[in-house]
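Letter by letter, the sequence shown follows residues 1 to 89 of the working numbering.
Take the hints with a grain of salt, since some may be wrong.
Distance ranges between label pairs, derived from CB positions [stated by the list, open to error]: (1) Glu-26 x Lys-52: 40 to 46 Å; (2) Ser-2 x Ser-80: 34 to 40 Å; (3) Ala-83 x Gln-20: 29 to 35 Å; (4) Asp-39 x Leu-6: 21 to 27 Å.
These are computed hints drawn from the structure, not numbers from a lab.
If you're wondering where the values come from, they're calculated on a predicted model, not measured in any experiment.
All C-beta atoms in this analysis are idealised placements derived from N, C-alpha and C, irrespective of residue type, glycine included.
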Amino acid sequence: MSKSALSKSVREATGCTVAQADAAVEAMLSTIIDGVKTDGSFRLIGFGTFAKAERPARQGRNPKTGETIDIAASTSIKFSTAAALKKSL
Numbered sequence: 001m002s003k004s005a006l007s008k009s010v011r012e013a014t015g016c017t018v019a020q021a022d023a024a025v026e027a028m029l030s031t032i033i034d035g036v037k038t039d040g041s042f043r044l045i046g047f048g049t050f051a052k053a054e055r056p057a058r059q060g061r062n063p064k065t066g067e068t069i070d071i072a073a074s075t076s077i078k079f080s081t082a083a084a085l086k087k088s089l
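All chains should be built: construct the whole structure from the sequences, respecting the hints.
This is the structure:
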């Protein structure tokens, strides 16, 4: 789902204006991002947890040539689904 589709869904569910729905979606996403940046994770009870994941440097292969390459360490975000959400699916 895209941000615009999420915003449309918020508008339909609440009856708010386009600007209000867009602002609500942006605020929610900003809050999640800030939580992960400052605390290392953001937990929304009943939905799941967004957490920072440190990936170590490693060796990989170029699939075309088979040549070994170095892949740098990186930081990404992982999401763990809450048990209540898993159960409802």
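Can the suggested window of 40 to 46 Å be confirmed for the beta-carbon pair Glu-26 and Lys-52?
-> Since the Cβ atoms of Glu-26 and Lys-52 sit about 21 Å apart, the hinted range of 40 to 46 Å is violated.
Can the suggested window of 29 to 35 Å be confirmed for the beta-carbon pair Ala-83 and Gln-20?
-> Holds, since Ala-83 and Gln-20 (Cβ atoms, about 33 Å apart) stay within the stated range.
Asp-39 and Leu-6, beta-carbon distance inside 21 to 27 Å?
-> 24 Å, holds
Range agreement (Cβ of Ser-80 with Cβ of Ser-2, hint 34 to 40 Å) | 23 Å, violated
In this structure, the hints that do not hold are numbers 1 and 2, in rising order.
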